Amino acid sequence: MGKSIFLGFPHMIYGGDYNPDQWLHRPDILEEDIRLMKEAHVNEVSIGIFAWKALEPEEGVYNFEWLDQVFRRMEEAGINVILATPSGARPAWMDHAHPEAMRTDSMRFKALHGERHNHCYSSPYYRKKVREMNTMLAKRYKDSPALKMWHVSNEYGGECHCEYCQAAFRKWLEKKYGSIEELNRQWWTGFWSHGFNSFEEIESPSPRGEWELHGLNLDWARFVTYQTNDFMAEEIKPLKEITPDVPVTTNFMGIYPGLDYWRMKDTVDVISWDSYPTWHNDGETLAQTAMSNAFIHDVNRSLKHQPFLLMESTPSKVNWHKVNKLKRPGVNELVSMQAVAHGSDSVQYFQWRKGQGANEKFHGAVVDHYGKADTRVFQEVAHLGQSLEKLDEVVGSDTAVDVAVIFDWNNRLAIGNLQGLSNRRDYEGVVRDHYRALWEQGLNIDVIDEEEDFSSYKLVVAPMLYMVKPGVAERLRAFAKKGGTVVFTYLTGLVNENDLCFLGGFPGDGLMELAGVWAEEIDALYESDRNSMIGLEKEYELKDICEIIHLKGAKALANYGEDFYQGQPVLTLNEYGKGRCYYIAARPDYQFLADFYKKVVKELGLAKPEFDVPEGISVTVRESKEAKFYFIMNFAEKDVNLDLGSICGVDLISGQEYSGKTCLLKTGYLVLKVEK
Amino acid sequence: MGKSIFLGFPHMIYGGDYNPDQWLHRPDILEEDIRLMKEAHVNEVSIGIFAWKALEPEEGVYNFEWLDQVFRRMEEAGINVILATPSGARPAWMDHAHPEAMRTDSMRFKALHGERHNHCYSSPYYRKKVREMNTMLAKRYKDSPALKMWHVSNEYGGECHCEYCQAAFRKWLEKKYGSIEELNRQWWTGFWSHGFNSFEEIESPSPRGEWELHGLNLDWARFVTYQTNDFMAEEIKPLKEITPDVPVTTNFMGIYPGLDYWRMKDTVDVISWDSYPTWHNDGETLAQTAMSNAFIHDVNRSLKHQPFLLMESTPSKVNWHKVNKLKRPGVNELVSMQAVAHGSDSVQYFQWRKGQGANEKFHGAVVDHYGKADTRVFQEVAHLGQSLEKLDEVVGSDTAVDVAVIFDWNNRLAIGNLQGLSNRRDYEGVVRDHYRALWEQGLNIDVIDEEEDFSSYKLVVAPMLYMVKPGVAERLRAFAKKGGTVVFTYLTGLVNENDLCFLGGFPGDGLMELAGVWAEEIDALYESDRNSMIGLEKEYELKDICEIIHLKGAKALANYGEDFYQGQPVLTLNEYGKGRCYYIAARPDYQFLADFYKKVVKELGLAKPEFDVPEGISVTVRESKEAKFYFIMNFAEKDVNLDLGSICGVDLISGQEYSGKTCLLKTGYLVLKVEK
Amino acid sequence: MGKSIFLGFPHMIYGGDYNPDQWLHRPDILEEDIRLMKEAHVNEVSIGIFAWKALEPEEGVYNFEWLDQVFRRMEEAGINVILATPSGARPAWMDHAHPEAMRTDSMRFKALHGERHNHCYSSPYYRKKVREMNTMLAKRYKDSPALKMWHVSNEYGGECHCEYCQAAFRKWLEKKYGSIEELNRQWWTGFWSHGFNSFEEIESPSPRGEWELHGLNLDWARFVTYQTNDFMAEEIKPLKEITPDVPVTTNFMGIYPGLDYWRMKDTVDVISWDSYPTWHNDGETLAQTAMSNAFIHDVNRSLKHQPFLLMESTPSKVNWHKVNKLKRPGVNELVSMQAVAHGSDSVQYFQWRKGQGANEKFHGAVVDHYGKADTRVFQEVAHLGQSLEKLDEVVGSDTAVDVAVIFDWNNRLAIGNLQGLSNRRDYEGVVRDHYRALWEQGLNIDVIDEEEDFSSYKLVVAPMLYMVKPGVAERLRAFAKKGGTVVFTYLTGLVNENDLCFLGGFPGDGLMELAGVWAEEIDALYESDRNSMIGLEKEYELKDICEIIHLKGAKALANYGEDFYQGQPVLTLNEYGKGRCYYIAARPDYQFLADFYKKVVKELGLAKPEFDVPEGISVTVRESKEAKFYFIMNFAEKDVNLDLGSICGVDLISGQEYSGKTCLLKTGYLVLKVEK
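Chains as they are written, first to last, in the working numbering: chain A, 1 to 676; chain B, 1 to 676; chain C, 1 to 676.
Hints listed in this document are in silico derivations from the structure and should not be mistaken for laboratory results.
Please note that a few of the clues may not be correct.
No copy is singled out in the list; a pair is fine if it fits within one copy or between any two copies.
As the list claims (entries may be wrong) - Distance condition first, Cα-Cα at most 27 Å in a straight line; then the derived DSS-like pairs of lysine-lysine: (1) Lys666 <-> Lys602; (2) Lys38 <-> Lys372; (3) Lys372 <-> Lys555; (4) Lys602 <-> Lys3; (5) Lys552 <-> Lys372; (6) Lys469 <-> Lys372; (7) Lys638 <-> Lys390; (8) Lys602 <-> Lys482; (9) Lys598 <-> Lys638.
Fair warning: this is a prediction, and the values are worked out from it, not measured in the lab.
Using the sequences and the hints given, assemble the complete structure.
This is the structure in structure tokens:
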């Protein structure tokens with residue numbers, strides 16, 4: 001069995017956000033909570049999120065008594081505590097006394113008090129207050145046996161354009177570029193007479209000023225990540241000093257574009273994320289939603305290549321989708337298990353009990369305003385609690401992976417900024433299409449930044465690798481030379497890390513050699529336009545973007561079927577060293593990718609389940625030293641027949657042995673333990 | 001005959017806005033106006049609206065001569081005057097000398113001079129100026145026999161966020177809550193650490209600060225009504241002191257969401273409103289538009305349960321719809337009579353003569369830029385003038401009502417604020433659907449606030465009674481106990497008047513006992529989703545929102561036909577005391593409501609016309625001590641056959657007797673007087 | 001042969017924007033540029049646009065060396081230079097030292113540094129800097145034989161609301177109106193109490209203040225043109241003093257609504273414009289796009305009734321359309337020739353070489369990031385260069401025109417401001433429909449302002465002549481009296497130049513006499529509504545707007561087929577003096593206009609090609625003293641058979657003689673020289 005995230009707690013973590021500070025006037029309810037938690041098989045609560053006003057009701061006046069009591073109760077009940085620092089929202093007294101700790105927006109308007117997640121990350125006052133508060137919390141609760149983890153702040157995000165931040169940004173730029181001349185060259189400020197004479201002349205992007213200087217936009221976004229991470233590091237410092245053995249996390253927001261989590265991952269001990277897919281979405285199957293959610297789980301596991309926490313999810317519905325559908329019976333258990341299948345060692349909810357007022361009062365929770373356990377939601381939550389108790393063996397287990405899909409945050413930003421081509425660039429959708437073709441085959445997949453190490457994989461899929469950061473091209477070539485397979489698409493190798501075009505032909509920075517093609521022009525298609533890919537067994541549709549490429553060493557596998565570039569190559573293969581490189585010059589329909597990756601997976605002999613994975617079924621494998629755990633999950637919205645073929649294992653949930661043909665009921669799942 | 005609104009003028013009022021101040025340089029046109037008014041059978045003009053610059057051209061320099069002359073002319077011509085106070089727009093000199101009287105918006109930006117309806121209601125300077133101006137007007141014209149009514153300002157609306165208003169808001173909050181602790185509890189500020197230590201820390205909602213604290217949003221909206229009403233009361237004070245016998249009104253804007261007219265109604269003597277439906281709307285029948293308009297007429301009559309004024313309407317078209325269609329021949333007379341049918345004792349236009357310039361120059365008016373009487377519009381206006389002269393008996397007559405539909409302003413706001421469920425909540429549309437099912441049967445209907453007295457009704461329809469204010473639940477239970485029938489729908493009894501959820505199960509605050517059901521969960525449907533209601537004679541479609549309810553004493557009349565709550569109740573009936581309560585747990589298609597209310601009206605024996613009302617025909621009855629006046633109006637856009645059955649009456653317009661079978665021509669109407 | 005625009009250069013100008021200042025660190029590339037220019041048959045470069053930072057890197061520190069070198073190179077290579085003044089964008093140092101030279105927007109927010117085209121036109125500092133810079137440029141390069149033209153700034157546009165501009169605006173108003181009373185009368189400020197006591201009280205339109213006082217809006221727009229032109233005149237002054245013989249131009253933006261080019265045309269010597277149609281637009285044929293583009297070419301030629309320059313176009317695609325499609329093979333040459341056909345004596349591109357970074361890096365250019373000549377785009381550019389070298393005879397030749405279509409900037413603004421009627425007014429679309437019906441017949445057409453002289457035409461088409469400026473009605477009547485034909489539509493003659501309605505009936509200002517009809521009412525139709533025009537050989541559909549008119553001397557040619565005005569006239573003809581006037585009272589489908597104008601062109605015997613012009617073919621004729629040049633262009637997207645009938649000429653491109661039947665290949669064209 002692997003290492004558990006909570007020291008000395010070798011079980012799946014089950015619980016979620018708990019806000020007793022909102023209910024201090026109702027001691028009866030606080031008592032009842034403990035009783036209900038046990039009934040729900042909950043073993044963890046995350047407390048203190050947004051509790052600043054409760055902890056420091058006036059400047060310098062502190063109140064920890066209520067929190068002491070919560071700790072006592074949890075200790076007595078044997079429930080673990082993740083203690084949050086309260087920096088996610090400031091009390092009104094603080095905003096009135098120190099308005100500079102509130103944000104300045106890109107229009108340069110100072111915020112008024114309100115909402116949350118809106119402090120200036122550079123404010124010296126706020127940094128001091130947070131340090132003091134975190135120190136007090138750590139000192140006070142360091143000896144509680146219930147304290148198992150720190151949760152700093154909540155869903156870091158957003159940006160501030162105040163003078164503190166401008167100064168920090170300029171300093172960051174100076175450190176990055178060394179000289180203003182180098183910055184001018186990288187940002188290509190000769191265009192529109194935008195050259196700067198000093199770093200002092202630079203301001204953050206603004207709709208009132210500069211908003212389409214791509215180098216500035218990119219560096220500002222990077223600075224926002226840098227400064228947020230720096231703030232987080234300062235939050236963590238006193239915690240680590242006082243409680244060095246308590247792990248620290250913060251709740252990331254999936255693939256939130258505002259922060260580059262790859263630059264923040266090393267600052268925390270454990271990755272956590274808040275998962276709120278639109279289950280039962282309009283015009284989308286449950287399996288499609290599950291695939292998108294799996295993609296984000298895999299990003300979060302890949303960040304540290306180790307188990308993570310599902311820090312928030314809803315047992316029923318959220319309150320911020322346009323249409324907030326109830327999770328259908330069985331769905332909460334199925335999709336919670338999906339998190340575990342992809343590497344989570346917890347299932348946690350926002351939140352335990354619905355608040356009585358304010359804007360999230362109708363967000364799903366374990367305990368409703370109704371207040372009792374005889375609801376469908378509570379009963380399903382309790383059932384899942386019992387199931388999780390059977391998965392101790394899975395805790396801390398690994399995920400073995402042969403294939404990486406590159407989904408790069410900087411590249412995403414740059415493609416977003418890109419002016420030209422088509423408004424139908426859809427980087428995220430394209431990457432997910434490639435991911436899906438592998439996911440449907442039941443492969444374990446890493447989803448990584450382009451700066452990660454490729455050497456442990458057999459296949460690296462790099463869709464729309466528009467931005468090629470220093471060293472990446474070289475490492476890709478080395479990977480292929482040693483036998484690795486690379487998949488490229490159109491829009492590869494156009495710019496460096498500062499969005500400056502490579503000269504001499506695309507794909508640039510030496511990737512032309514790897515791809516074996518030269519991309520001369522890029523045509524954009526209207527939404528209703530289609531081209532076709534011909535020359536393979538089937539004909540496939542092409543849409544959105546078609547690159548006109550020329551062979552420079554590669555061989556054509558398929559050609560365009562239409563338009564003035566009819567007959568020119570659209571799919572090529574280049575043998576390179578011991579490896580190879582595919583180039584897909586246009587956006588194909590999904591069916592092409594499904595067929596293509598089936599062939600590639602087979603050719604390369606990538607690790608996948610020993611049996612065929614029917615449509616709507618997802619398979620993911622975690623493994624310990626002794627065994628493999630096959631998570632076989634039915635997202636097909638109906639019963640599905642399955643032939644397990646040669647494998648034989650015991651379902652950890654039911655204790656029953658499975659092999660050969662079986663039927664997975666609607667929303668059903670198995671956790672088959674197969675001894676090594 | 002009832003009491004007339006104009007003292008000693010026992011006729012229907014006919015006229016509208018008249019702006020001679022725009023034409024002072026054209027005395028020939030001012031002369032011609034009088035001649036044309038007589039030709040149009042006009043007996044009233046509303047003057048002085050937006051005339052501040054004409055009355056006080058510079059600070060402290062007054063000019064009443066032109067208005068004296070207008071009064072003289074009207075006295076000579078026997079035309080009644082409604083004199084407006086000019087506060088609806090400020091002259092440029094005032095805005096430049098006193099910018100603080102202009103508004104500050106929610107972003108905290110001060111307005112520049114321009115537009116109208118944009119003064120700060122709290123400005124001490126502006127309140128003083130208005131008091132002085134109104135005093136001068138009242139003193140100067142108090143003895144004119146033409147002066148029949150005051151019209152304060154124009155279409156009050158909007159809000160101001162300046163420091164004067166913030167201070168007044170804080171004072172209002174302090175008075176409402178008594179202590180900051182109580183406010184914190186009601187607004188549930190423990191959420192997101194938002195607790196306040198003093199009222200001084202509170203600011204009005206702002207996109208730059210707080211905008212989703214529902215309690216704050218609601219109270220701010222209430223304060224805006226309070227402060228507007230307070231300003232209006234100050235406007236009225238000098239008028240009442242100097243001309244105590246002249247009634248006061250202001251022109252409301254239908255069901256404008258920005259002001260709660262139920263809190264303002266007692267400040268004026270007579271309700272007036274400006275009616276600008278989109279007649280001949282795209283994809284809507286004339287009858288549908290007429291139904292929506294009838295709904296608003298009924299709101300306005302219900303405000304004081306007495307005759308009101310149709311203060312503004314257009315004889316042809318407006319200038320602010322996206323597509324401004326001409327009223328088809330006959331339509332102006334038909335829809336003007338609809339106002340009278342629903343309780344108006346006037347038909348008034350905006351405006352008498354089209355202005356030569358500025359942005360409303362193409363808004364329909366009686367006299368066109370053309371300037372003569374030989375236009376279609378003028379001739380139709382003159383014809384209606386003659387028709388109205390035949391309705392003296394109707395003046396001041398009552399409307400007897402058995403059924404009330406609750407359409408509550410606070411509830412509307414709260415449902416608008418609500419985060420969660422579905423973006424397809426559509427409170428207004430749902431209420432109107434219920435109203436329509438009664439309107440189509442020809443019933444007189446009151447449309448009321450939930451704080452109104454229910455005791456005089458036999459049926460109270462309360463769709464989506466999400467917010468239940470103090471005492472309302474108790475009064476509803478009492479109403480039912482004594483034999484009344486209540487109709488509830490999904491989303492009933494969730495929050496108190498401050499948007500704080502009732503604990504212990506919905507419908508809360510004791511309404512579960514009345515409804516006999518417990519609503520456990522609320523499912524939201526996508527636009528294309530449908531469920532069905534089964535178990536009745538017909539099957540009906542359900543959409544938008546489906547509540548999962550459990551019987552707690554009620555009996556199920558119909559069940560869900562689909563989804564995981566298939567077979568669970570969707571329509572229930574609970575016997576309660578001598579009365580009963582229906583609960584409709586999902587949004588049905590209109591046909592269900594039509595069938596349902598036919599049954600209910602029949603069962604309860606509610607007062608309705610003695611004959612069948614064909615599709616497209618609307619019937620409303622006013623009554624005096626001696627007679628009933630049946631307004632039978634053809635909105636069907638074609639000739640319609642009608643069987644009057646047992647009733648027999650004289651059409652006041654034609655003087656002809658009607659009974660049995662008859663045909664109502666396209667756009668035709670009857671005003672049948674049936675002796676009691 | 002006519003006069004050439006470049007003194008002593010009797011060839012078609014071929015080149016475009018060249019930005020060597022972005023590549024000073026790459027002297028190899030600057031060398032290579034010259035070699036490639038020759039290979040591309042380029043004979044002109046436009047330099048210095050946005051080069052302020054390169055020319056004055058710090059306040060008072062100048063650097064002309066690089067520009068000296070460029071001039072030397074061009075002189076050596078025999079390439080002509082259009083030298084731009086750099087005022088289109090300011091360097092960062094200037095914005096930081098003189099923020100007042102940046103704009104204030106209509107919300108009264110001062111801009112921050114960034115973007116371009118955003119200086120305050122009133123700033124004394126910036127006017128001084130521009131004067132100094134332009135003086136230096138003129139003095140330094142006055143003797144270069146390469147200098148052939150000045151290009152002041154770049155794409156003037158936008159507006160500033162700072163106090164300098166407010167003061168200038170007030171002064172402009174005072175000069176226009178003489179007295180505040182006259183302004184009040186013209187703006188009809190009596191409405192909403194908006195009268196001003198002094199010019200000091202007036203501010204520019206703002207969303208925070210006044211935005212729907214139409215007179216103010218119109219005058220502000222006129223002032224923006226006035227002030228921009230004043231700034232431009234100041235830019236030009238030193239150039240003319242130092243280099244009186246070098247012509248001056250600036251690049252207009254087609255029919256950009258922000259500036260009235262008719263008020264600016266006399267300030268420059270030559271008209272230039274930047275043409276970026278959406279070739280291969282979704283759901284539009286190539287011929288439709290070509291027609292819209294021809295319309296704008298004709299506006300630009302009509303401005304001075306002399307040859308103009310195509311200052312910018314793209315050889316492949318732009319970077320700012322939503323979907324940036326590649327120009328298909330042959331299309332660049334075809335549409336470049338279209339410019340020449342309509343009067344351009346140049347074909348110029350933005351830009352020569354793609355920049356390496358910033359937001360326009362993917363805008364099409366002659367030389368790609370790839371950097372070599374073996375691209376499709378470069379080869380097509382070089383081919384066109386060779387073709388243009390064969391058109392020396394066409395340089396400076398005239399365009400003879402019988403018909404003018406009025407497309408008036410002030411009228412467009414006023415119709416845009418208009419509140420009422422329909423949101424489907426579409427002035428531009430309506431004018432273009434009338435233009436199209438003439439364009440398809442191959443006529444040369446002028447597109448003019450209503451203040452232009454009509455006397456040289458035989459037919460004046462004036463669609464939606466809503467605003468009739470002083471003298472226009474009189475001149476139209478005089479034109480018709482002498483035998484001219486006028487075509488009017490609905491919405492004619494409603495307001496004067498200040499948007500004040502004419503009293504006494506529409507069309508006003510005496511146009512009722514010319515049209516012979518009185519327009520009583522205007523009905524607006526929803527998008528899906530249709531009426532019909534009956535009484536002609538065919539029946540036609542009507543949409544959007546239907547005017548109800550009465551004959552006052554005219555005779556009805558066709559009537560309405562539907563609605564309550566069925567049978568009333570919709571198309572009329574009035575004989576007037578020796579001429580006539582048509583009135584089209586509703587918006588017909590295009591087929592009506594096609595048939596109508598075929599008849600009119602035939603009746604009036606207007607000059608058109610001697611042969612039938614097939615669908616998709618465009619014909620335009622330029623002529624010198626000796627010959628006519630028939631540009632016959634195939635926009636049909638397929639090969640088209642053509643019968644040239646009686647004419648016989650030599651194609652200047654191929655040198656081949658053409659007459660009788662021939663076939664024009666897809667994207668093909670002929671430039672037939674027919675001796676007179």
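Hint-by-hint comparison with the structure:
no., hint, verdict
1, Lys666 <-> Lys602, "neither (30 Å within a copy, 47 Å between copies)"
2, Lys38 <-> Lys372, "within (13 Å within a copy, 73 Å between copies)"
3, Lys372 <-> Lys555, "between (67 Å within a copy, 24 Å between copies)"
4, Lys602 <-> Lys3, "neither (34 Å within a copy, 73 Å between copies)"
5, Lys552 <-> Lys372, "between (70 Å within a copy, 16 Å between copies)"
6, Lys469 <-> Lys372, "between (55 Å within a copy, 25 Å between copies)"
7, Lys638 <-> Lys390, "within (25 Å within a copy, 71 Å between copies)"
8, Lys602 <-> Lys482, "within (19 Å within a copy, 78 Å between copies)"
9, Lys598 <-> Lys638, "within (25 Å within a copy, 42 Å between copies)"
Hints 1 and 4 from the list above are not met by this structure, while the remaining hints are.
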